[in-house]
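Residue numbers (our numbering), protein chains in the order written: chain A, 1 to 506; chain B, 1001 to 1372; chain C, 2001 to 2323.
I should point out that these hints are in silico values taken from the structure, not numbers from a laboratory. Using N, Cα and C, we set each Cβ at its ideal position, and we do this for glycine too. Accuracy of the hints is not assured; some may be wrong.
[What the hints assert, rightly or not] Calculated pairs, DMTMM-like style, for lysine to aspartate or glutamate (alpha carbon to alpha carbon, straight line, at most 25 Å):
1. A:LYS52 to A:GLU231
2. A:LYS146 to A:GLU323
3. A:LYS52 to A:ASP167
4. A:LYS52 to C:GLU2309
5. A:LYS146 to B:ASP1295
6. A:LYS146 to A:ASP131
7. A:LYS52 to A:GLU3
8. A:LYS442 to A:ASP468
9. B:LYS1224 to A:ASP54
10. A:LYS146 to C:GLU2309
11. A:LYS388 to A:ASP448
12. B:LYS1224 to A:ASP167
13. A:LYS146 to B:GLU1339
14. B:LYS1224 to A:ASP471
15. A:LYS388 to C:GLU2201
16. C:LYS2052 to C:GLU2309
17. A:LYS442 to A:ASP471
18. C:LYS2052 to A:ASP363
19. B:LYS1224 to C:GLU2309
20. B:LYS1224 to A:ASP64
[Claimed, not checked] Sample of chain B residues at the chain A side, in silico, Cβ under 8 Å:
21. LEU1193
22. LEU1197
23. SER1199
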Amino acid sequence: MLEVRGCSVRFGGVQALRDVSLSVREGEIVGIVGPNGAGKTTLFDVISGFRKPDTGVVRYRGRDVTRLPAHARAAAGIGRTFQNLGLVRGATVRTNLLAAQHLAAGYSAPAGILGLPVTYGSEARLSRRADALADILGLSGLMDRKIDELPYGVFKRVEVAAALATDADLVLLDEPTSGMGPGERTGFAEALAEFRRTFRVTVAMIEHDVPLVAQVCDHVYCLNFGQMLAEGEPDALRSHPDVIRAYLGEEVPVRLMPSSEPGRPFLEVDGLWVTYGEPGRGMPVLRDLSFEVRHLERLVLLGLNGAGKTTTVATLAGLLRPERGSIAFDGRDITEMPAADRVGLGITLVPEGRQVFPGLSVDHNLRLGAWARRRDGGYVAEGQERVKRIFPQLADRGRQLAGTLSGGEQQMLAIGRALMAQPRLLLVDEASLGLSPAITQKVFSVLDRINSEGVTVVLVEQGLAALDYADRVMILERGELVFQGSTTETDHTGLRERYLGAPVPV
Amino acid sequence: MTTTLTGRDSVVVAPPADRAVGRPSAAGWAARGAVGAALFGLVFLFPLTRSGVDVNIYTEAVIYAIIGLSLNVLLGYAGQISLGHQAFVGVGAFTSAYMVTVHEQNFVAAVGIAVAVGAAQALILGLVSLRVSGLYFALVSLAYGSMAEEWLFNISSLTGGGSGQPAPKPSAFATDHRYYYLCLAFLALVLFLDWRLTSTKTGRALLALRSNPRVAESFGASVKRYTLLAFVVSGAFASLAGALLAHNTTRVVSSQFQFQLALLFVIMTVVGGLRSRVGVVVGSAFFSLASYLFDHLHLARAVGALPFLPNLSPDIAPLVLGPLLLLFTLTRHPGGMAEFLDPFQRWLLGERAKPRRTVTIDLREPRGSNGA
Amino acid sequence: MRKGLVTSIALAAVAVGALLVEGPRGRQSLVIGLVAGSGYGLVALGLVLVYKSSGVFNFAQGEFGTIAVFALWGAHSVGVPYGLAMIAGLVAALASGLATERFVVRPLRDAPRVTLLVATAGVSLLAIGVEIWLGEARLRFVAPALGRFDRVSVFGFRVSDQRLLVIGTLALLAVLVALFFSRTNLGLGILAQSENPTAAELMGISAQRLSMYTWAAAAVLGGLGGILTAPLANGFGPGFVTLSTLIPAFTAAVLGGMTSLPGAFVGGIVVGVAESVTTSYPVFTDHFPGSRSVVIFVLLVAVLTLRPEGLLAPRATSGQGAL
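Given the sequences, and given the hints that come with them, work out the whole structure.
Structural data, given as structure tokens:
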């Protein structure tokens, strides 16, 4: 039914898709998995018409639709949900379901404006169809509620209803279960099977939840770095070495200085609930999270995408406020403290993706890191010296624009910038992302040295790269802490099971 | 709106403090009837008791209501910031005057042509807006309005140059009073068209387009097509208003269309309440009548009583109070007058608040289960 | 950036050459264009500054200038020495800028950019309204800061001291602002904040404080533009700076890609010269009365549709490294 051949897409200097091909047969449920940034959403954009591929062909029901604009593909029968964008804000459920039936209206736009007789009958018909659809999805009592007022799980349901309302034959679902708890996911899996029966739709689904995909899909494709890595039956894919490596990465050996015995509790997190969106009905990202970080230890926080790792460190650093729960640092409650003050207290975050200031020089970037003590010229100069000693690669690049540095150099700059504030607790989000093992090794050795100089380090990682470095590991899954233990005691095979093999509880 | 945030798999959706449809009592109907009659009297009967000069001012208020509705289509429904709207109105005014004076067409034909020309001009601007992102389009529309005022409306052959173009009223509606009712009829027409627009697929497409263009496309609505349609409708309404305006003042001059007028239009629509027909109509009428009201309600005396401030004459008062109202609306009450006008309209049409049921949805079930 | 710069310089050279050949009228229009363009550039600087830090198109920028001129005139006409009167004007502009930031921009910090744009337009209208109310809608004249007319001649055309002052101020400010952004902590902070607000917040940079300083600076720049160019016009009235320079200043800022400060001044000069030169040809003015606004409109649309990033903006770099 759908055939994608050899599509490549490049934008923003990045090759998002490289020669990707896949096919979906009528009536199938197909899964598309892969780590973050693999190009899955870009692939959906190409299929649904929001992006034209640089090369390659997209064929739908035998017809070449590669150049067809998005609304025309919707007319042809390709429907889609979006990650976090889904519906028309500020409108009711009914309005959304009516809007989704745009193509089935049966009258032209000008006729509608002029109020010709045919429009009244058509509108009534559309309204009846919307009611019927809502009934099937259990949304009947909510037709006149604004979608912004709906809790997250119900919102997602309306999204699916809207996609079905477009009368699509092929429905593309982009991360439909993000933010759902285990029970909801089961319900979703069952619903999907039923829709296939009732509506006779073909489904292609982007998912991070590999076990769910294994349960529901007939066929699975795995993408990484814009390329098709593997495809096949779900079970076969789960044990495929390339897929495992894509998700988990590889361990990076580091020669460590002897670490002191982890001391007193330094950071205590209790009952943290964090949601994105409106308080009370947003998407829950962290659920009742409690843990502690001990003084001078090296901790690594593991989790797949959507697990909530970045949200956790962002909340610790003060960029996000939790809805419930508390955070205490060195005995002091910092839950309500703004980010700037936390820096002063000694908590610094090196954010995901480096986030250097690309138009400013290396020296300027470092100088900004010392913002709290910016008036002290001597302090700033000393700090810059120290960072350049730790990272010799930056020593001669003081005047160079940060945006022109290589990935590894930017990572070093980002860490150096964080060091300028003389942190006592250093949080680093995905230090190894996009770096070669050799450079990652250098980065970890530096982190080790920093730790030996009296800084507690918490790393956030998606794969296993930091296992050698850390003392202790915690695993986050869907916003909940599911495992913690010392790295020496942890069975690495067990980790793999947790990531790719744990079945969805029924 | 309360929702229980649990980690559980069902959610309780309590009703918002919103209204729901109920039926008023007999006394309720009586009250509504009285208010309705009063409003009817104000709009339809009161002008009969006033002189032609006053009625002229009321007619302008009606025309401004049409202008407000036209800007509402662009700014409120389609989300396009047009700061040159006075040019749309001016095009309609000059075209109609030109047709009547130079080509000796009758009123109906002239207005019809004015609407067509206005729509075409808006379409061109719409094509530009497709290429230029939102904020920048505001600049373009501002520059366009300025250009229209300084150049377009000064082309002597078309616009009569400095002294302007005469635009007599149609013979059938030659008195001020009759012309007022004619404009009311046109306002009713525009209200009808606007109502149908929002109730059918076009309105929903625009809503989707404004909130989330990708979603609009995925529903099958072409962003390009509907944006242009919004421009065309807006331009048509605006130039209709312009034509009516021309014949109301019986002479059109380019200096009537300065760029401050465009900002006034934005003020009256925003303060009235975007996307609310009632709000826009009342807001536009209010601003149009502002000097008149200020004068007749003797507010100048109130301000004059304040020490140290020079007299605030009725002409100047709106210039100060208008922007103040705009800023107040934007920062405190973004819904504008509609915040109290919409509930009033609903009341008038017979709705009454009634408690609503709580809905429970079990998310584990594919079909959910609805409990009361 | 280099390509744009070279193109601009080449075009400028051609224009200058053509004008020199043209004769006295051409040279005169070139000088007038430079002066007007410097005025636009001063106002454009403020526009770009605000946009860089808050992402807002500040429609009130022109009125900061008009308020300054009114204050200058008011002080001067009650006998305050000119220099102090100028300072009074700048203080008035500063106060307006801070008030706007505090009462309009800050409450709307999280609102869509469109709302902010309409709000700043509201501020400018309010200013005009108050000016008409307190000052009456008539023209007044304000004396220039420097009064000599015959000291300097350029290309055989006498250039008044005031005109030189305008050009000179713009040039000086160009240097000062560039230094500000590359040397001072505050300047760095503003740049950082506009490049990456999340990272800036992590450094402890307070967006609110920066917003206040930025608006203060923009208001002073607008005020300066007004004070220096008002004496050159045939009188000023309510809304003077907005009516005469706002649209050209925005065009100038757009030419600079809306984010480049050097782009804003060069853009100002380009707009000023282009406008002046085209309107000096009778052929043009005969067919297009009010041709000034036509030129600006065409220039604006051309840049936005053909080269939206502006003539001088550097190519965007990513802050995330290779992924």
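May I ask which of the numbered hints given earlier this structure violates, with the numbers listed in increasing order? 5, 10 and 14
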